[in-house]
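Just need the whole structure built from these sequences, with the hints factored in.
Those letters in the sequence shown? Residues 105 to 496, per our numbering, in order.
Just so you know, the hints here were simulated from the structure itself, not pulled from any lab data. One or more of the hints may lead you astray.
[To be verified] Cross-link-like lysine-lysine pairs, in silico, PhoX-like; alpha carbons within 20 Å at most:
| # | residue 1 | residue 2 |
| --- | --- | --- |
| 1 | K495 | K317 |
| 2 | K470 | K345 |
| 3 | K317 | K383 |
| 4 | K233 | K383 |
| 5 | K233 | K495 |
[What the hints assert, rightly or not] Listed next, with one range per pair, are the computed distances between beta-carbon atoms:
| # | residue 1 | residue 2 | range |
| --- | --- | --- | --- |
| 6 | T407 | V142 | 36 to 42 Å |
| 7 | S350 | V397 | 26 to 32 Å |
| 8 | L167 | Q139 | 30 to 36 Å |
| 9 | A463 | W489 | 31 to 37 Å |
| 10 | T287 | G371 | 29 to 35 Å |
| 11 | V259 | S469 | 22 to 28 Å |
| 12 | V359 | V142 | 27 to 33 Å |
| 13 | A153 | G266 | 18 to 24 Å |
| 14 | S156 | G348 | 39 to 45 Å |
| 15 | S466 | V397 | 19 to 25 Å |
| 16 | F197 | A401 | 48 to 54 Å |
| 17 | F286 | L375 | 32 to 38 Å |
| 18 | F370 | L167 | 49 to 55 Å |
Here a beta-carbon is modelled for each residue, glycine too, at the ideal position from N, C-alpha and C.
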Amino acid sequence: MPKQNKNNFLFLVYLTGLSIIGFLATDMYLPAFEQMRVDLDTTKSNISATLSLFLAGYAIAQLLWGPISDKVGKPKTILMGLSIFILSSLAIFFTSSVTAFLILRLIQAIGVCAAAVSWQALVIERYPKEQTNRVFATIMPLVALSPALAPLLGVYLLEHFGWRSIFITLALIAIALMLYTFTIQHKKATADSPSKKDTTPPSLSYWRLLQSKAYVGNVMIYACCSAAFFAWLTGSPFFLKEMGYSEGEIGFSFVPQTIAFLIGGFGYRTLAPRVDGTKLIAYFVSLFAIAIVITAALAIFTTPTLTSLLIPFCFMALANGACYPIVVAEALKLFPENSGKAAALQNTIQLGMCFIASAIVSLFSKDALFSTALVMVGTIPLAFWAYNWTKK
105 MPKQNKNNFL FLVYLTGLSI IGFLATDMYL PAFEQMRVDL DTTKSNISAT
155 LSLFLAGYAI AQLLWGPISD KVGKPKTILM GLSIFILSSL AIFFTSSVTA
205 FLILRLIQAI GVCAAAVSWQ ALVIERYPKE QTNRVFATIM PLVALSPALA
255 PLLGVYLLEH FGWRSIFITL ALIAIALMLY TFTIQHKKAT ADSPSKKDTT
305 PPSLSYWRLL QSKAYVGNVM IYACCSAAFF AWLTGSPFFL KEMGYSEGEI
355 GFSFVPQTIA FLIGGFGYRT LAPRVDGTKL IAYFVSLFAI AIVITAALAI
405 FTTPTLTSLL IPFCFMALAN GACYPIVVAE ALKLFPENSG KAAALQNTIQ
455 LGMCFIASAI VSLFSKDALF STALVMVGTI PLAFWAYNWT KK
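If you want it as structure tokens, here you go:
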């Protein structure tokens, strides 16, 4: 393999690692909840709160790392954030207090979200505009694998080494990413503005970013598609159990949707060099809407089965997989000199929408199928409104 191709491949692997480490920290320890409850002599609600705290910190702290990454550079930001993540992960290994565990999970989230902010901004800084959509379409489908594979790795570690080994493994992954980060020299965006290389780029406020309708439109499409997906992820374990399916069958139900997401992402990656992604967004948003309407109609007006619900939902997952790399790239390309802030605000809005969708479904979990269907349908008008804003 030529050196240039090898370096490019390693950099893509590195970006993928940065993109999934936050999800690994979210999902790997889920199978260990009961054992952690026993070892820490606490309640189920306290253990569940470690996840809620992590998600809250992961969403909000990105707004802090965005300006830092634009000021000191993405590599330094990654090193700072992963250092915090590694130290808190190692501290969890030694903790025997659930209060300390809760605090350390919040610190973990604050540290690791520096990677979530920086990897997207690095794509904008390191690749020409015409390549960014394709790079995102290479990485983002792989992110969908982490929720499916991370719990399996967590189960293996739990059974062979105990639940604390999960956090040592997370620390080791972060150390590997840090070592590669040391090989990266900070390169300021962008090749499209050579006259600005020797000047300090203007720093834009988050409010200024929100004044861009094109930015908000693309971000909201990303957020709406994600929110519909999270509504399903939250509600499906409840309503599928009520429909009589076992835990194994419920777990297996995540496989087809993951495959559909991969097909959508890599399918668009194949089209990206030949077709302008912005011309495809309307089709993907329409497919997203049609799939949700069919899923909701089956849920509300029929006696559905897992198969009948999964078929249209997988088309929604396919639309999401194809749409994500386009809208993320289009949003961040608008502010190449403030890509860190743009990525941070984008991710916070996306996670905020996911939290709202998930919370509503959880609140009305007694009728999980109906509430899931309504929340998913509720994202459709927002998605089309957002698409109209991308044209302004």
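State, for the Cβ atoms of V259 and S469, whether the hinted interval 22 to 28 Å holds or is violated.
25 Å, holds
Using the C-beta atoms of L167 and Q139, is the stated range 30 to 36 Å upheld?
34 Å, holds
Between the alpha carbons of K233 and K495, is the straight-line distance 20 Å or under?
19 Å, holds
Hey, K317 versus K383, does the alpha-carbon distance stay inside 20 Å?
17 Å, holds
CB of A463 to CB of W489, is that within 31 to 37 Å?
With Cβ atoms ~22 Å apart, the hint is violated.
Looking only at beta-carbon atoms, does the pair S350, V397 fall within the given range of 26 to 32 Å?
29 Å, holds
Starting from the range 48 to 54 Å, see whether the pair F197 and A401 falls in it by beta-carbon distance.
Holds: the Cβ-Cβ distance is about 49 Å, inside 48 to 54 Å.
If I claimed the Cβ atoms of T407 and V142 lie 36 to 42 Å apart, would that claim hold in this structure?
For V142 against T407, whose Cβ atoms are near 39 Å apart, the range 36 to 42 Å holds.
Just tell me: holds or violated, for the beta carbon distance of S156 and G348 against 39 to 45 Å?
29 Å, violated
If I claimed the Cβ atoms of V359 and V142 lie 27 to 33 Å apart, would that claim hold in this structure?
30 Å, holds
Within 29 to 35 Å: is that where the Cβ-Cβ distance between T287 and G371 falls?
33 Å, holds
Can you confirm whether the C-alpha distance between K470 and K345 stays at or below 20 Å?
Status holds; Cα separation ~12 Å.
Consistency note: the structure conflicts with the earlier hints numbered 9, 14 and 18.
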